[in-house]
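Undergrad: Sequence order for the protein chains is S and C.
For the first sequence, the numbering used here gives the first residue as 74, with consecutive numbering after it.
For the second sequence, the numbering used here gives the first residue as 15, with consecutive numbering after it.
Take these hints with a grain of salt, some might be off.
[Stated by the list, open to error] Derived contacts from chain C toward chain S, CB cut-off under 7 angstroms, selection only:
1) K32
2) T54
3) D57
4) M58
[Unchecked claim] Restricting the straight-line Cα-Cα distance to at most 25 angstroms, the calculated cross-link-like pairs of lysine-lysine (DSS-like) are:
5) K417/S to K116/C
6) K269/S to K229/S
7) K116/C to K523/S
Worth flagging that the hints you see were computed from the coordinates, not collected in a lab.
In this text, a Cβ means the ideal position worked out from N, Cα and C, and glycines have one as well.
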Amino acid sequence: MKYYDKLIFELSKEGRSACTLPLPDRKLELPETLRRSSKAVLPQVSEADVVRHYTNLSQMNFGVDTGFYPLGSCTMKYNPKINEEVASLPGFRDVHPLQPGAKGYEQLYEEMDKALASITGMAHFTFLPCAGAHGELTGLMLMRSYHESRGDFKRKRIIVPDSAHGTNPASAALCGLEVVVVKSGENGLVDVESLKPLLGDDLAGIMLTNPNTLGLFERDIKAIAELVHSCGGLLYYDGANMNALMGVVRPGDMGFDILHLNLHKTFSTPHGGGGPGSGPVGVCNKLVSLLPTVRTSAFHGNAGVILKAYAYILMLGKENIAKLGKLACLNANYIKEELKDCYKLPIDTVCKHEFVFDGLEGANTLDVAKRLLDYGYHAPTIYFPLLFHQAIMIEPTETESKETLDDFIAVMRKIACEAKENPELLHSAPHNTPVSRPDETLAARQPVLKWQSQ
Amino acid sequence: MSKIVEGLLYSESHEWVKVDGQVAIIGVSDFAQSELGDITYVDMPAVGDEVEREGELGALESVKTAADLYSPVSGVIVACNTAVEDDPSLINADPYSNWIVKVEMSDSTELDSLLSAAAYAASIEK
């Protein structure tokens with residue numbers, strides 16, 4: 074592979090262009106206030122320059138099409154190419170979802186609503202939210218509307234466990250709710266006894282991820298649901314870890330009232346690098362009337378992404394979706410068991426689709442992650458969840474073969490040996506990537522966010 | 015081994031307090047800065063803000079994570095150290111001479127519940 078790190082501005086030559094457009098017949102009569110005072114600084118390049126530039130850059134990339142990407146709590150599963158093919162069908166591609174007579178899209182939204190309802194146990198969905206955090210905010214606004222629709226304006230607090238994704242408290246704060254943290258017990262699960270004193274008639278609800286970010290199923294979910302419901306609160310389900318439960322357990326049956334799904338995680342649409350994402354929100358029966366109206370003037374969210382996710386659901390069918398969660402959990406447990414003699418496993422129990430090591434004795438987790446890049450793997454999530462100082466969170470997903478898992482396990486064991494025998498190899502890693510260790514501190518303190526001419 | 019300065023008071027959430035009459039000068043401990051790593055941003059309260067004991071005082075962002083600052087005492091913010099706001103690396107370089115805020119205390123008996131240097135050393139040993 075050729076090393077390539079140019080900016081397109083560096084290829085620019087005065088007067089060069091990829092095409093010539095005829096000058097307009099008459100002068101454009103833009104008002105003075107709308108005209109630029111100086112020329113736009115744009116790169117001047119030929120078509121070949123443009124194509125080679127972006128092709129070369131794309132080859133410096135890493136993604137699920139190039140290798141294993143075991144990013145905990147992010148479900149980086151393989152994106153089947155049939156999804157793209159379906160989304161490219163002219164009947165969808167050349168039609169705007171809001172165009173009158175867009176029957177195909179109408180049917181898509183209806184069928185997708187039914188499919189997701191049956192997978193999650195919710196009544197209906199809105200497809201407006203464009204990704205996970207957008208879904209969280211939408212869901213919390215629904216929660217607030219529910220209380221207010223009953224004339225109950227005093228519910229200002231929301232409970233979030235200390236293991237939650239950072240987006241949970243952030244979305245709650247944005248929605249004007251006061252976040253109350255419930256601590257996890259020694260076993261990594263929400264402690265029901267610690268939850269009890271936090272309840273009350275000013276509680277809007279609780280946000281839970283199940284399985285949680287330690288990859289552990291909240292076993293007391295039934296008791297938690299009963300407690301929260303009995304004081305008039307609602308249960309919000311963060312769908313980031315839905316992959317573990319696919320086809321096995323439904324959040325609706327556990328007592329959740331509102332949830333969001335990440336189609337770009339659980340339902341195999343592209344994730345990262347701009348996605349784009351999609352974060353549909355589902356609600357139980359008593360909240361259906363509060364859902365944003367879908368078929369009037371509202372936007373349809375990321376229609377193409379919803380189409381790809383629906384293609385995925387149809388491709389798998391009910392019987393294969395039922396296997397999905399189980400295989401995702403099996404893969405995670407396999408890696409965990411094969412590595413737990415050399416990496417610290419703070420909570421040694423059967424995990425769901427992901428698990429957390431508390432690093433490697435005598436080594437920094439950052440160094441382990443950087444060394445993995447040398448062996449051609451994307452690094453797992455590190456330093457999250459915050460409960461463990463040297464956290465490494467691994468989620469293999471169901472789309473990886475046993476051979477891929479075995480290769481990864483062998484490399485992780487090799488890195489554990491290197492940490493003992495030649496720690497410098499880890500401190501200075503990665504050695505085989507185009508860029509070694511960027512100065513993250515300098516980048517954060519003095520960011521350069523756009524090209525600057527000399 | 016993190017440095018702990020004798021004569022200061024400490025909170026379990028790793029802030030230190032230097033008492034100057036009715037004013038509490040507040041910063042973060044060496045242990046806190048080393049756990050955070052390179053600090054990239056200091057989120058300051060405003061002078062005149064009222065703070066409660068164990069209430070939010072601001073936040074530190076580092077390359078690794080973000081952490082809230084908690085006020086060891088109740089009172090009113092009387093000064094913010096703009097030098098650390100402009101250059102957060104000062105806290106990494108010397109956490110004890112680079113204070114973050116000064117609080118005029120409303121109840122100086124709250125100081126009694128803070129930790130001595132020895133007690134703080136024992137608490138971070140755990």
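Undergrad: Each hint needs a verdict: does it hold in this structure or not?
TA: Results of checking the hints against the structure:
Against a cut-off of 7 angstroms between C-beta atoms, the interface hint on K32/C is violated, since the closest Cβ of chain S lies about 27 angstroms away. Hint status for T54/C: holds, given a least beta-carbon distance of 4 angstroms to chain S, under 7 angstroms. The interface hint given for D57/C is violated, since its Cβ lies 14 angstroms from the closest Cβ of chain S, which is over the 7 angstroms cut-off. Taking 7 angstroms as the C-beta cut-off, the interface hint given for M58/C is violated, the closest approach to chain S being about 16 angstroms.
For the hint linking K417/S to K116/C, the alpha-carbon distance of about 42 angstroms lies beyond 25 angstroms, and the restraint is violated. Under the criterion of a C-alpha separation no larger than 25 angstroms, the hint pairing K269/S with K229/S is consistent with the structure, at around 17 angstroms. Between K116/C and K523/S the alpha-carbon distance is near 38 angstroms, which puts this suggested pair outside the 25 angstroms criterion.
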